[in-house]
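*Asks:* Construct all of the structure, not just a fragment, from the sequences and the given hints.
The numbers in numbering that gives the first Met the number 0 rise by one with no breaks, and the one at position 31 of the sequence shown is 30.
No lab work stands behind these hints: they were computed from the structure.
Do not take every clue at face value.
DSSO-like cross-link-like pairs, simulated, lysine-lysine; straight-line CA separation at most 30 angstroms [to be verified]: (1) K68 to K32; (2) K188 to K172; (3) K32 to K64.
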Amino acid sequence: MNQIEIFNSPEFGSIRVIEENGKYLFCGADVAKSLGYKDTVNALKTHCREDGVAFYHLTDNLGRKQKAKFISEGNLYRLIVHSKLPSAERFEKWVFDEVLPTIRKHGAYLTKEKLWEVATSPEALLKLCSDLLAEREENVSLRIANAQLEGKAAFYDLFIALEHSTNLRTTAKELAVPERRFVQFLLEKRFVYRTASGNVLPYAKPANEGLFCVKDYRNHGHTGSYTLITPQGKLYFAQLREMILLVS
0 MNQIEIFNSP
10 EFGSIRVIEE
20 NGKYLFCGAD
30 VAKSLGYKDT
40 VNALKTHCRE
50 DGVAFYHLTD
60 NLGRKQKAKF
70 ISEGNLYRLI
80 VHSKLPSAER
90 FEKWVFDEVL
100 PTIRKHGAYL
110 TKEKLWEVAT
120 SPEALLKLCS
130 DLLAEREENV
140 SLRIANAQLE
150 GKAAFYDLFI
160 ALEHSTNLRT
170 TAKELAVPER
180 RFVQFLLEKR
190 FVYRTASGNV
200 LPYAKPANEG
210 LFCVKDYRNH
220 GHTGSYTLIT
230 PQGKLYFAQL
240 REMILLVS
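*Replies:* As structure tokens, this is what we get:
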């Protein structure tokens, strides 16, 4: 996708999205408006990191060109987290479960030009199918390696100075990923397990590797344990952020 595409929702209105070097950027004003921010300019300034912002020229209904701010997936989630709109969780689900899956590389999204090419050329259709299969069969270890190379520099400064461990919810916010997806990722990849009482605790191996620590608590005569993610763990999972966002 090399041009701006518009995704519409009866509840949230229109969101303009553009692809840039394999990354998907969202019109910041559209997102902030959909999430109920009264001052969209201030919302973007307050909650979005500058390294996740790009500017593109848009043409309004009167034919005038305007400079618009587009934001990364991380900044998109930061706006979701800080939104006071009760429907923010539904907005998150719409974007991550409907919008993004339609425009992922080799996914269901087709530009008009590509759709015509596939419809008129058997060779193009076969190539598209081949690309889809190749994408699905991609080696997981390669994804991890790419994520580590891409994410290490961006997240190192953010987490290396932190001298405290945080719980799963806070860590998810720091990583700018949905908490539900983060916990599901940890469970699926067997970093943690859920006890009969519902607590989430780390397996011995990742705990011994310094990714997690477990603290005990006592409250009104009741005792238990809870899991924290260490600064080392935050850096590790920051490198896997793209994989976390793919969890359904």
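*Asks:* Against this structure, judge whether each hint is valid.
*Replies:* Evaluated hints:
Between K68 and K32, the direct Cα distance comes to roughly 13 angstroms. Compliance with the 30 angstroms bound is thereby established for this hinted pair. With a C-alpha separation of about 20 angstroms, the suggested pair K188 and K172 falls inside the 30 angstroms cut-off, and the hint holds. Between K32 and K64 the alpha-carbon distance is near 20 angstroms, which keeps this suggested pair within the 30 angstroms criterion.
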